[in-house]
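There are 2 protein chains.
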Amino acid sequence: MADKAQLQESIKAQGEVVRKLKEAKASKDQIVEEVAKLLELKAQLGTDDGKQMFVLKTPKGTRDYNPKQMAIRERVFNTIISCFKRHGAETIDTPVFELKETLTGKYGEDSKLIYDLKDQGGELLSLRYDLTVPFARYLAMNKISNIKRYHIAKVYRRDNPAMTKGRYREFYQCDFDIAGQYDPMIPDAECIKVVHEILTELQLGDFRIKVNDRRILDGMFAVCGVPDDKFRAICSTVDKLDKASWEEVKNEMVGEKGLAPEAADRIGEYVRMHGGFDLAEKLLQDPQLSQNKHALEGLTDMKHLFKYLELFKITDKVIFDLSLARGLDYYTGVIYEAVLIQPQNVHPSEELVSVGSVAGGGRYDGLVGMFDPKGRKVPCVGVSVGIERVFSILEQKAEASEEKIRTTETQVLVASAQKNLLEERLKLTSELWDAGIKAEVLYKKNPKLLSQLQHCEETGIPLVAIIGEQELKEGVVKLRNVATREEVDVSRVTLVEEIKKRSIQS
Amino acid sequence: MADKAQLQESIKAQGEVVRKLKEAKASKDQIVEEVAKLLELKAQLGTDDGKQMFVLKTPKGTRDYNPKQMAIRERVFNTIISCFKRHGAETIDTPVFELKETLTGKYGEDSKLIYDLKDQGGELLSLRYDLTVPFARYLAMNKISNIKRYHIAKVYRRDNPAMTKGRYREFYQCDFDIAGQYDPMIPDAECIKVVHEILTELQLGDFRIKVNDRRILDGMFAVCGVPDDKFRAICSTVDKLDKASWEEVKNEMVGEKGLAPEAADRIGEYVRMHGGFDLAEKLLQDPQLSQNKHALEGLTDMKHLFKYLELFKITDKVIFDLSLARGLDYYTGVIYEAVLIQPQNVHPSEELVSVGSVAGGGRYDGLVGMFDPKGRKVPCVGVSVGIERVFSILEQKAEASEEKIRTTETQVLVASAQKNLLEERLKLTSELWDAGIKAEVLYKKNPKLLSQLQHCEETGIPLVAIIGEQELKEGVVKLRNVATREEVDVSRVTLVEEIKKRSIQS
Chain A
1 MADKAQLQES IKAQGEVVRK LKEAKASKDQ IVEEVAKLLE LKAQLGTDDG KQMFVLKTPK
61 GTRDYNPKQM AIRERVFNTI ISCFKRHGAE TIDTPVFELK ETLTGKYGED SKLIYDLKDQ
121 GGELLSLRYD LTVPFARYLA MNKISNIKRY HIAKVYRRDN PAMTKGRYRE FYQCDFDIAG
181 QYDPMIPDAE CIKVVHEILT ELQLGDFRIK VNDRRILDGM FAVCGVPDDK FRAICSTVDK
241 LDKASWEEVK NEMVGEKGLA PEAADRIGEY VRMHGGFDLA EKLLQDPQLS QNKHALEGLT
301 DMKHLFKYLE LFKITDKVIF DLSLARGLDY YTGVIYEAVL IQPQNVHPSE ELVSVGSVAG
361 GGRYDGLVGM FDPKGRKVPC VGVSVGIERV FSILEQKAEA SEEKIRTTET QVLVASAQKN
421 LLEERLKLTS ELWDAGIKAE VLYKKNPKLL SQLQHCEETG IPLVAIIGEQ ELKEGVVKLR
481 NVATREEVDV SRVTLVEEIK KRSIQS
Chain B
1 MADKAQLQES IKAQGEVVRK LKEAKASKDQ IVEEVAKLLE LKAQLGTDDG KQMFVLKTPK
61 GTRDYNPKQM AIRERVFNTI ISCFKRHGAE TIDTPVFELK ETLTGKYGED SKLIYDLKDQ
121 GGELLSLRYD LTVPFARYLA MNKISNIKRY HIAKVYRRDN PAMTKGRYRE FYQCDFDIAG
181 QYDPMIPDAE CIKVVHEILT ELQLGDFRIK VNDRRILDGM FAVCGVPDDK FRAICSTVDK
241 LDKASWEEVK NEMVGEKGLA PEAADRIGEY VRMHGGFDLA EKLLQDPQLS QNKHALEGLT
301 DMKHLFKYLE LFKITDKVIF DLSLARGLDY YTGVIYEAVL IQPQNVHPSE ELVSVGSVAG
361 GGRYDGLVGM FDPKGRKVPC VGVSVGIERV FSILEQKAEA SEEKIRTTET QVLVASAQKN
421 LLEERLKLTS ELWDAGIKAE VLYKKNPKLL SQLQHCEETG IPLVAIIGEQ ELKEGVVKLR
481 NVATREEVDV SRVTLVEEIK KRSIQS
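Which chain is which? The protein sequence lines are A and B, in order.
Sequential numbering of the first sequence, starting at 1, is according to full-length UniProt numbering.
Sequential numbering of the second sequence, starting at 1, is according to full-length UniProt numbering.
So that you can see chain A by itself, here it is in the shape it has in the complex (with noise of 0.2 Å):
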């Protein structure tokens, strides 16, 4: 720990980096951060008695879930989960942290935000930046040549988090892959398949899947006059284009990247275009792409992928759009990413307005080979379900309607009006617990009726199960419906029967 001179000195300069900050008209997240590290410094200095005192918080970019926002992740895990389950995927898990060196070399300019453990004897270690490399070296470790398989799991970025944005440093990602040699875009026509199906039960508006095909990427650079060591470099930079316009991304192709202008202007008019089954059939015309040999072979299985989709009566939601790039090294045919879509209130319009990617994935017919000592290949589909995003909407949504959301599914609470009925309490509660019914009693030697009935309010329980001395001795307990405040004996021999009678089946 610094010494309380050292920690002063350090709340004087964040001070001042707080008034410049402002100053400058900075941006809001910035000053926010800089003042959370003022009161941490501020909070090592401890209180006047001495007493050490603790940062009360997650680490960055991370958080806590509450059991309001878990009941949420509950349901939309249980929608992805059952899909993945509709279409025959089986599940695996593997450990959140790998060899280092599995990582190395997967991600291209990424790397960096890979989270490395500390060196501490023995084994050098990072956690898993997605799920895709873990299963590729899964496959290989086990000799695995084909298996339907889905992953929901965490993973880590050590990428600036904007949290309202649902971008965070550790999230989880829900994956569904199909490996095994197979009839070209059958799986990959599956994959895009689940991604609508997700996201039409979420319903969290309307949305769309943008496809593309690695080898028309690289086959447009070539006709284009990229130099072939810049093919990665640039389509990095056209991945861009999402969030920045064409003329920054030309600028950053022609300036940092360093290509020719002419080149770049090229690839403009390409990027520019989006279709469907027609736009692959128009773009095998083209007289310079159709000579290409990648891109002749994407454009094929461009008008596979369509006519399969167009029999899953989905073609509606889904664009063949050449702006489309993703920044994964790991990529070797065709790529999607599904973005969801506000109709645009403020113009006439009725403009489409992308509010961020919600799923993502492509072929990776490569990655496996890399793992296996013998370099045999294993072709790779899949996509990933990026729901942080899709868990913040919904948060909102919640919030918004006021709608209760229970975070316990407890039917009955046992109750007692009455002083020194502790253990009848202890004793019924534990009967209903054998005989499966979800109950509670309050750890209270003599509750008062009233907040005993609180309670049930608050958290949303039905039915209250009351006993006193004369229910006792009668054999009976007065079941209360919460809601109605209706109140009847019923026999403690039926008792469990009554309660699964009146509980809502789930």
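Some clues are possibly wrong.
It does not matter which identical chain is meant; a pair holds if it fits inside one copy or across any two.
Straight-line alpha carbon distances no greater than 25 Å define the calculated SDA-like cross-link-like pairs of lysine to any residue that follow [as the list claims (entries may be wrong)]:
no., residue 1, residue 2
1, Lys85, Gly460
2, Lys118, Asp64
3, Lys374, Gly121
4, Lys473, Pro67
5, Lys243, Glu269
6, Lys307, Asp278
7, Lys438, Phe77
8, Lys85, Val493
9, Lys60, Thr164
10, Lys230, Gly268
11, Lys154, Glu123
12, Lys478, Glu395
13, Lys154, Arg63
14, Lys85, Lys500
15, Lys377, Tyr65
Calculated from the structure, these hints are not laboratory results.
Fit chain B to the supplied structure of chain A, relying on the hints for placement.
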């Protein structure tokens, strides 16, 4: 990466180590580990064609879960979560890492087993060691003074793994805790009831739940003449009694910890005692122990506890055992631990043999106060089910019984005996998905009927929906029962209904 010469040097050195270990007749484990290191170094050298090779493994002490293991895991979690919900618990989640200082000073001697993250700029972070300290941090941070919550998540300990016994470095904990100021021992008794219900439902064989109290231990140490500053050290030595003999434990007390032999002998008399309500009564008559304030409180509460356990009808499995200590620093009152036992078949004495701890917990009234700026206390009691050992046992059982575990829930495979019907198969499959039916289709243009039926046999899919030219013309589907090989023509309009009717409702 080290260069070839360096690595070859290391391999030679490692080879030396292996030889020496063998000579010294070192434990098998050590040899296995050294050989693994050797193989890793060899792998780093790469193949002869110069291709860099990966070490294909998960980090030490961790494992993947394959689909069969996941099916068992899902079943165990469902049992445990149902029990937690039956007792009215909500759930929360916290990040996998915490600020390093959040974990500091909570685990006593075990702190050395905490995984730290590398300092990559920003906060210093550690992986969570249990779910209890993050829970206490959560309560203090959100000023929550009462809650009943469960939390199921992975925790991390750099311990010596013994994976065949289910001891891993990454493992699940299933925690159930009750926070709040209540009348004595009521929530404590409920925690023990929860453990009893879970172990009964999991059908792992017979078990016992040992209980003791930190205050009784402290009182016992005091009357035995243990100096105050040695309480924690002696306590963690007593904790070893389940694995070591009394002689070994006494040697550590006297030799390592510097306790007077007479004091050790007096402890030895107490820790041999076990019983129930009666033992608590008897010890309350002990002229020395009953004079000690802490012991008196602990013994009085122990009587309360057994009274409640009597009402819950579970005293036959609960033992008041003065040798139970539990290592963690934060316990302040009752402590308990559940062990699986097997009747000793070898000896006719029918002595019970413990095969390991599967759950443990206790009361920790001071932990939340350590996080609260004003030291405001929130009394807590909880239990943690350590299910890795449970998984191991159930996996072995499943293997022994040769019972086929399904890893998917697919109800029907859409198939064809004829060529050129891929599009019709996809169309029908999509219709079934949209109707909520779990359906699969092979990703081949023209798969053989036999290989389609084989897929059903292998994965346990009970139904096949077969289409051909004839069926398409007539608007029917041939629905085949895989087990009985019966086939019936079903109108396409009623297909969904027919599949639902024939599917076993789960």
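Going through the hints against the structure:
Proximity of Lys85 to Gly460 under the C-alpha cut-off of 25 Å is restricted to the inter-copy arrangement: shortest distance 14 Å between copies versus 32 Å within a copy. For the homomeric pair Lys118 and Asp64, the shortest alpha-carbon distances inside one copy (24 Å) and between copies (22 Å) are both at most 25 Å. Neither within a single protomer nor between protomers do Lys374 and Gly121 lie at most 25 Å apart by alpha-carbon distance, with minima of 31 Å and 39 Å respectively. Neither within a single protomer nor between protomers do Lys473 and Pro67 lie at most 25 Å apart by alpha-carbon distance, with minima of 40 Å and 54 Å respectively.
For the homomeric pair Lys243 and Glu269, the shortest alpha-carbon distance inside one copy (18 Å) is at most 25 Å, but the shortest distance between copies (74 Å) is not. Proximity of Lys307 and Asp278 under a CA criterion of 25 Å is satisfied intra-copy only: 11 Å inside one chain copy versus 78 Å between copies. In this homomeric assembly, Lys438 and Phe77 come within 25 Å of each other (Cα to Cα) both inside a single copy, at 23 Å, and across copies, at 17 Å. For the identical chains of this complex, Lys85 and Val493 are inter-copy neighbours only, at 24 Å across copies versus 41 Å inside a copy, given an alpha-carbon limit of 25 Å.
Taking the shortest alpha-carbon separations for Lys60 and Thr164, only the intra-copy value of 13 Å comes in at or below 25 Å, while the best inter-copy value is 37 Å. In this homomeric assembly, Lys230 and Gly268 come within 25 Å of each other (Cα to Cα) only inside a single copy, at 16 Å, whereas the closest approach across copies is 76 Å. With identical chains, the CA atoms of Lys154 and Glu123 are at most 25 Å apart both within one copy (22 Å) and between copies (20 Å). Within a single copy, Lys478 and Glu395 get their C-alpha atoms no closer than 38 Å, and across copies no closer than 46 Å, so neither meets the 25 Å cut-off.
For a Cα distance limit of 25 Å, the shortest separation of Lys154 from Arg63 qualifies both inside one copy, at 12 Å, and across copies, at 16 Å. Taking the shortest alpha-carbon separations for Lys85 and Lys500, only the inter-copy value of 16 Å comes in at or below 25 Å, while the best intra-copy value is 29 Å. Only between protomers do Lys377 and Tyr65 lie at most 25 Å apart by alpha-carbon distance; the minimum there is 23 Å, versus 40 Å within a single protomer.
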